[in-house]
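So the protein lines, in turn, are chains A and W.
Counting in this note's numbering, the first sequence runs from 344 upward without gaps.
Counting in this note's numbering, the second sequence runs from 185 upward without gaps.
Careful: at least some of the hints might be erroneous.
What the hints assert, rightly or not - Derived pair list, reagent style DSS-like, types lysine-lysine, alpha-carbon separation capped at 30 Å:
#1 LYS442/A <-> LYS380/A
#2 LYS250/W <-> LYS225/W
#3 LYS250/W <-> LYS401/A
#4 LYS365/A <-> LYS225/W
#5 LYS248/W <-> LYS442/A
Just so you know, the hints here were simulated from the structure itself, not pulled from any lab data.
The lines below spell out each chain.
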Amino acid sequence: GENVEQHPSTLSVQEGDSAVIKCTYSDSASNYFPWYKQELGKRPQLIIDIRSNVGEKKDQRIAVTLNKTAKHFSLHITETQPEDSAVYFCAASSSNDYKLSFGAGTTVTVRA
Amino acid sequence: GAVVSQHPSRVICKSGTSVKIECRSLDFQATTMFWYRQFPKQSLMLMATSNEGSKATYEQGVEKDKFLINHASLTLSTLTVTSAHPEDSSFYICSASAWGAQFFGPGTRLTVL
Chain A
344 GENVEQHPST LSVQEGDSAV IKCTYSDSAS NYFPWYKQEL GKRPQLIIDI
394 RSNVGEKKDQ RIAVTLNKTA KHFSLHITET QPEDSAVYFC AASSSNDYKL
444 SFGAGTTVTV RA
Chain W
185 GAVVSQHPSR VICKSGTSVK IECRSLDFQA TTMFWYRQFP KQSLMLMATS
235 NEGSKATYEQ GVEKDKFLIN HASLTLSTLT VTSAHPEDSS FYICSASAWG
285 AQFFGPGTRL TVL
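Kindly produce the complete structure, drawing on both the sequences and the hints.
As structure tokens, then:
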């Protein structure tokens, strides 16, 4: 099955700086890579996703890049704000079954 | 769009009892729903895939007789934790698949005494 690894496990940044989270996956059949933000006790919220037919996608301060050859993808948050503090999960799935395999999560803390 | 609800949000039960959790897609139809379990400070672990009109598919290590799943309609899937024990205490989250993405319910915090 799919194995998704995520680094770092914790990330502390100064407000206004950028945050980068990296994930690798093992199954070459995976073609959908979403990123979720989860606040304590709440549901994971989809913040951005990318499919294997593109290499980069951007939505305001958030961007995701995908390198299919190397099987890794990354989340970039620019101009971080205190409300960006949360746990972020990467995931991967294939169109064969749409099952999501999650990374272990990254706890992001934005210092004011 | 893509709103998923879950009920109840919290439940406390005695050991040995059964608990039913409902997951509903409110503004779309979902032929496939997923059930996850999340322990504190850990990631989401897929328990099973719920398919409307057919049997659920369970992940390795998940007991199908303990975690009963029923997907009776295109908007409702239920998870029943049978004969619950304290080690079943966790955050249970469902998701519904739509437009190639998954949208999560708010989760159910189960505490078994």
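To see whether the hints hold, each was checked on the structure:
1. LYS442/A <-> LYS380/A: Status holds; Cα separation ~18 Å.
2. LYS250/W <-> LYS225/W: Given pair LYS250/W, LYS225/W holds - Cα atoms ~24 Å apart, limit 30 Å.
3. LYS250/W <-> LYS401/A: Distance ~43 Å between LYS250/W and LYS401/A Cα, so the pair is violated.
4. LYS365/A <-> LYS225/W: Holds, because 19 Å separates the two Cα atoms, which is no more than 30 Å.
5. LYS248/W <-> LYS442/A: Given that 30 Å is the threshold and the Cα spacing comes to 18 Å, the pair holds.
Hint compliance for this structure: hint 3 alone is broken.
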